[in-house]
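If you want the building blocks of each chain, they are given just below.
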Amino acid sequence: MLFGRKNKKPIVIPSKKVAEWKYTTCNYCSTGCSIEIGLNEDKKIVTTRGHAGADVNRGKLCIKGLLEHELFDSPGRGSEPLIRSKHYDPFEKTYWDNALDTTAQKIKAIQKKYGKDSFAIVSTGQLMTEEFYTLGKLTRGCIGTNNYDGNTTLCMASAVSGYKRSFGSDGPPGCYDDFEHTHCFMAFGSNLPEQHPIIYWRLKEALEKRKFPLIVVDPRVTMLAQFADIHLPITPGTDCVLINAMMHVIINENLQDQAYIDAHTQGFDEVRQIVKDYDPKSAQHICGIDEDTIRTVARIYAKAPAAMSIWTMGINQSTHGSDGVVNINNLNLITGNIGKPGGTSLSITGQCNAMGTREWSSCSGLPGYRYLENEADRKEIADYWGIDPEFFPKKRGLAETDIFPAIETGEIKGLWIVATNPMTSMANTARIRKALEKLDFLVVQDVYEDVETNQYSHVYFPASVWAEKEGCHTNTERRVNLIANVLPPYANSKPDLWIFNQLAKRFENGNIIKFPEKAEDVFNEMKFLSKGKERNLDISGMTYQKIIDAKGIQWPYREGDEGPDGKNLKGQARLYTDGKFPTKNGRANLLPVRFYNNNEQPCKEYPFWLNSGRVVEHFHTRTRTGKIGNCNKFSPTAYMEMNPDAAKALGVEHMTYVRLTSRRGDAVVLVQLTHRVPRNMVFVPFHYHDCVNRLTLGLLDPHSRQPAFKQCSVRIELVDQDEAARLNVERRTF
Amino acid sequence: MMNQELTNKDEILSGVQSYDPARDSINVENSTASVSQTNASKINTSKTNASKTNASKTNASKTNTSKTNTSKTKTRSNHWEIRTEEQDYAFLPDQPIKDKNRYGKPIDLIDITDITDNKKPDRSLFINGNPEIGSNPDRNKQHGFFFTADNCIGCHACESACSEKNDNPAHLSFRSVGYVEGGSYPDYKRMNISMACNHCDDPVCLKGCPTRAYTKHAEYGAVLQDPETCFGCGYCTWVCPYNAPQLDPVKGQVSKCNMCVDRLEVGLKPACVSACVGNALDFGVIENTPENREQCKTSIPGFPDPEITQPNIRFQQTKTLPIEMTRTDSMPVKYHKDAKGNYKPIIDQKQGKAKHWNFSKLNSRENPLVLFTLFAQAALGLFFITFLGALFGLESLTSFANSDMFLPFIITSLGMTTFALLMSVTHLGKPMRFYRGFNNLRYSPMAREGFGLALFSAGCGLTALFSMPGNQWLVEFLSSNLALNLVTLTEGLPLAALVTGAGVFTVIGGAGGLFYMNKCYQIKARPFWHHIQTATSFVGNSLALGAFVGGVLVISTLIYSQTSAELITQATLVFTGVFIIGMIIEALGLIKHNNDLNRSENEGGAAHYIQCTTFGKTYLFRNWLLAVNIIFAITLLGLNLAGFNDTSLLFVWLVLALINCFTSAIGRALFYILVIPTTMPGAFFWKNKAFEQHARDIGLADNPATGVAPLAH
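Chains as they are written, first to last, in my numbering: chain A, 1 to 734; chain B, 735 to 1447.
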């Protein structure tokens, strides 16, 4: 000891006294990090840590994962099933049997009176894949409504739609390892450091080993944009123009990979034809990126031995979402950057198991990327489940964003919402509130009983969360990973799988179809349905034990892939490596994309673009992250980023309240002045209740039905600070 | 909790109660962990072969052999369980180590450790009472953080890993990320800064802490703080330029970064570093540049002057930043690039230029300190003037000293000091631990201040005791009521000499107290206080307030006892003269403070900017009041000297003195409210004083997940 000290002070450092570590996968975003949960001798959860041996995160976790164990007993959790006859009555506690009986009766009554499709189901990207598959079985096989969709329509529908249109099937073809091989990295509307910190870290590790150009397209100077070699501050909603202009340059200068185009694609002539109209000289006036920069970027991208694109909500959440994805695929197909190390079109997915719901929930068809429109698929599934194929509809029903308008028009009378919060997450809250109020019957199944949507429910099912259950997630790079059951369900909450199984028993077909109780038995059904040489989504080689041993396996991983010694636990890192696509003739589709401008634009009355997005410490309308103090404290209340020059002109000051108004409604936010945003734009984090979505328009993408959350216009008004503060506190009480 | 100090090794060994043997078994059965160690040591050896050709060769190679031996023959110590398949990034690197840091201090701390009888490298830290010695071969080297400011993405992983490991509630954080930003769209740059404790060479926290809660260990050079010793005065949070010690208003005690010494003991980097996903935060022996990094500098924009404490942190910051970097929090400070390319703090006029009163804001949670300092200073002044005046033979004061009022005067001094000390104790987070305030007389000005005031109080008590037998009223009262004759009881004692001696002792104690009271505020991290104005204000108030109380006591006594008018005039001249001198000293200090801070661009200037805007009218009002008071007082003194000695003038004096009490109170309240420390930049919500205040005002803070603790008082 220094400074003349002789007497030791005791050094006390909190010790978690972990007796056992249990393997799980993170339940927040789609990165798919492996987590170990630490239990003490009393089997109490005391800590979480990243699994150092997992390939995805290599021991790292973001703020949410580091604190994730605190969510199990956070405030607001549902402890008992609740019931009431009108949404304005107080809830009463009830037994599970009563809650389930009532729900089944109501569903049947509504269906009997108004038709099978008058009861709708809106699911999520938060459950286990086994639960998605079971919910799909219950919906498609027992309840029989065709109006069944997930909240993935709000985040990944455009990517799904774009992949299907270009490649014939969903499924991101690349993986994180591509960062190690690429020679040019382009991010469209994706802010990795904030939205996917661990994927960013993988990128950073690759960049520290070997520098390659980083090009970022984003109207906001995000952290990634700031680190970019070239930042393209694009005009909102005009990505297709930029990409068309890039392809114009590439084709004009003959930089395309003609051999690849000839061998593996179709429709090149149409694309060549359309991009003629997108000369950088004229395109620059639409997309806001000068012609020289467009040319530079196009050349870097085309000349790179391997170039890759990633995107997230900046592309997906727009009226050109699906087209944007298709166009990114076009760019990568004409430069030969699909299915090779470092060359890919990689959508960075949102929710932890958005992929699982895309693959297995039957939301957009039938399990395992099967289509309702395909008779053979209908028959195969009906036979496997043991029911009449005629029970299935022959066409996909309404998407989530069309279900709510159908409630407005009275076509849908009853709704079951599973682990999603449309009162906060969907565009134009006022409209959603009105729709929910109109329902004859609403069931809400959620981990939290204070989830805002529960204000309008008649029955509430308290669900278990994360490691209170068991099952799989699929991440952005198609890696199936396991969540082990670590602790019993909270209070009288139940695993979603149990809830689905119990409800199934109350329907006629539910007693014909098998509904296994154990998650792995469900997984085995999925494995069976995934078999097939032509099927990329093949998980038939996996078992829970293999998944744990490998800390996640990428699909396809077929029966026998483990090799003669049984030691190969690696699935296929990339799809379409052979240039064969799951289209009719095996070729990828090059689809011409024409830009039209249907966005609400800033005007005299509403002079600001309203941009929205997530911040790192938020997730899924803050139902979980808002309860964990060490997460929530970094942005505990609603705010917006605003350009200081614009603020000066309006007399708006830093750290004061303003009222934002749009043609739909208003919101009160604190002002954070920063040059991150341009003079004609404000940015509001979108997970606050009664905030940004009171303003948004949410025009739908024609292909994916995903709303354009990020393009509408608002006005800024000064407000009485005390009144605004009071309102702000009231809206942050959960 | 072990809250008493363990005095020797044996006691520590017996205090093993919180050590958990179960941890041993985990490590032993963890076979994969030892596999990864062999991997790590393989890497180590391969690296060592390639390097080591510099001057510190002998030193380094010694370490290496020991390291290789340790990792080959011994498994890692049991202080922390290493994760299965742990990655390289989590392990401390094996690099050649320099002998001295850039300030000339040895990096190997074993030679400068003060435990003379135990300079062996193998001593246990007794973390949680665990007697095992850490297996880290570099454990006696000064370690420090390395921050690549170019890379930080502000993702909060470091902060949450830290809070998770240390079980910190939302309103506390040993590590915080804030940012500075600059440029205009789209040429905009945000630089995030992650900062915890820098385990300084010159730990001002350790030196400042009156309770000796801080220890700088030879092991890793870690500056560790024991919350169970701390009494929550918060003085360490004043002196630390980096806002490292965290005062928890709920628990009423300070805690801080412990460098994760438990992880270091097994060769792992701290939890925050291991969690970093931007590859920004790193850790190692100080002055070592991590692999893949090219700079190793001591400053980045927003970081306080490293000369204050010689912090053990090094930076890389290569990307060009805009000329001006601003803070998003409410601190009126921004950073401007000078000709040499260094960023210096300058005032950011966030509050505009308008002057306000904000009188109600003068009422703050520092009120106890306002009362403490003012009452203590007044008591000191009162005693000094009266006692020293009598000692030096001023007839009016010797006559007072011989009167029966001398005893009440001393008791008044004692009472005022006691009240002052009581106020200072209520300001503590843990008032019942007040007695620990003298534990660090060796270094802490605060301990010495308290000690001086305690001596002053004791001196007052003795003086009062010895002057009792000379107090006629008391002697008569005791003999008639309790049949106790003080005079005969104390016969033979040299009472007059004892009173004088005790009084001199009191003066010396009090002077020391006042001296260190000033020293307490001469804090480099608080330039608003680090100025002669603090001293002039303390001395000035001491004289002016002391003269007021003394004048009232002495002159009224003289008048009451019908002393000659001559002596009353003399007393009046003495007290009013000292009163005026006190005010003039304070005024001169204020003028210099204003002049200096108007030219200052640092946090002192920023505090003065707030003084001139948010409190602009109050500040001017106080200054004018003081100036007018001085003019009136001098005029009045002139009248007195000219022979106008009407007793009614005494009432005018009284009014002036009362006005001075008022101005002193305003001045002292401003002194505490305005100070702006050289803290690290905050974020928009987290570590933003304005948001914290707002959240408390409107009730957001009632939700603990907001991360703002409602104030305890």
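These are computed hints drawn from the structure, not numbers from a lab. Don't take each hint at face value.
As the list claims (entries may be wrong) - In silico PhoX-like links for lysine-lysine, alpha-carbon gap of 25 Å or less:
(1) LYS108/A x LYS567/A
(2) LYS985/B x LYS648/A
(3) LYS1087/B x LYS1031/B
(4) LYS514/A x LYS116/A
(5) LYS86/A x LYS44/A
(6) LYS1089/B x LYS923/B
(7) LYS839/B x LYS16/A
(8) LYS6/A x LYS854/B
(9) LYS580/A x LYS546/A
(10) LYS648/A x LYS1087/B
(11) LYS854/B x LYS832/B
(12) LYS839/B x LYS211/A
(13) LYS518/A x LYS116/A
(14) LYS518/A x LYS505/A
(15) LYS209/A x LYS1031/B
(16) LYS941/B x LYS648/A
(17) LYS1053/B x LYS209/A
(18) LYS93/A x LYS108/A
(19) LYS648/A x LYS854/B
(20) LYS6/A x LYS1053/B
(21) LYS546/A x LYS93/A
(22) LYS6/A x LYS985/B
What the hints assert, rightly or not - Pairwise CB distance ranges (calculated):
(23) ASP921/B x ASP269/A: 53 to 59 Å
(24) LEU1445/B x GLY651/A: 48 to 54 Å
(25) THR1032/B x TYR544/A: 28 to 34 Å
(26) ALA430/A x LYS1078/B: 28 to 34 Å
(27) ASP549/A x ARG836/B: 47 to 53 Å
From the three backbone atoms N, C-alpha and C, an ideal C-beta is built for every residue, glycine too.
Right, here's what the structure says about each hint:
A distance of roughly 50 Å separates the Cα atoms of LYS108/A and LYS567/A; the hinted pair therefore is violated under the 25 Å criterion. Straight-line distance between C-alpha atoms of LYS985/B and LYS648/A comes to about 42 Å, which puts the hinted pair past the 25 Å bound. Distance restraint check for LYS1087/B and LYS1031/B: the Cα-Cα separation of roughly 37 Å exceeds the 25 Å cut-off, and the hinted pair is therefore not satisfied. The straight-line distance between the Cα atoms of LYS514/A and LYS116/A is roughly 22 Å, inside the 25 Å bound, and the hint therefore holds.
At most 25 Å may separate the alpha-carbon atoms for a hinted pair to count; LYS86/A and LYS44/A exceed this at roughly 39 Å. For the hint pairing LYS1089/B with LYS923/B, the CA-to-CA distance comes to about 33 Å; that exceeds 25 Å, so the pair is violated. Taking the CA atoms of LYS839/B and LYS16/A, the gap is about 37 Å. The hint is violated against a cut of 25 Å. Taken as a hint, the LYS6/A and LYS854/B pair is honoured in the structure, with Cα atoms around 15 Å apart against an allowance of 25 Å.
Taking the CA atoms of LYS580/A and LYS546/A, the gap is about 28 Å. The hint is violated against a cut of 25 Å. At roughly 16 Å between alpha-carbon atoms, LYS648/A and LYS1087/B fall within 25 Å of each other, so this suggested pair holds. Between the alpha carbons of LYS854/B and LYS832/B the distance comes to roughly 20 Å, so the proposed pair stays at or under 25 Å and holds. For the given pair, LYS839/B sits about 38 Å from LYS211/A by alpha-carbon distance, which is inconsistent with the 25 Å threshold.
For a cut-off of 25 Å, the pair hint linking LYS518/A to LYS116/A is broken: about 30 Å separates their Cα positions. At roughly 16 Å between alpha-carbon atoms, LYS518/A and LYS505/A fall within 25 Å of each other, so this suggested pair holds. As the CA atoms of LYS209/A and LYS1031/B are separated by approximately 23 Å, the hinted pair is consistent with the 25 Å bound. Simply put, LYS941/B and LYS648/A have alpha-carbon atoms about 46 Å apart, too far for the 25 Å limit, and the pair is violated.
For the proposed pair LYS1053/B and LYS209/A, the alpha carbon gap of about 19 Å is at most 25 Å, so the pair holds. Distance hint between LYS93/A and LYS108/A is fulfilled; the C-alpha atoms sit about 23 Å from each other, no more than 25 Å. A distance of roughly 65 Å separates the Cα atoms of LYS648/A and LYS854/B; the hinted pair therefore is violated under the 25 Å criterion. Between LYS6/A and LYS1053/B the alpha-carbon distance is near 46 Å, which puts this suggested pair outside the 25 Å criterion.
About 42 Å separates the Cα atoms of LYS546/A and LYS93/A, which puts this hinted pair outside 25 Å; it is violated. For the hint pairing LYS6/A with LYS985/B, the CA-to-CA distance comes to about 28 Å; that exceeds 25 Å, so the pair is violated. Distance hint check: the CB atoms of ASP921/B and ASP269/A are about 41 Å apart, inconsistent with the given range 53 to 59 Å. A hinted range of 48 to 54 Å is violated for the C-beta pair LEU1445/B and GLY651/A, which are about 32 Å apart.
Between THR1032/B and TYR544/A the CB atoms are about 53 Å apart, so this pair departs from the stated range of 28 to 34 Å. With their beta carbons about 51 Å apart, ALA430/A and LYS1078/B fall outside the hinted range of 28 to 34 Å. For ASP549/A paired with ARG836/B, a C-beta distance near 49 Å keeps the hint of 47 to 53 Å intact.
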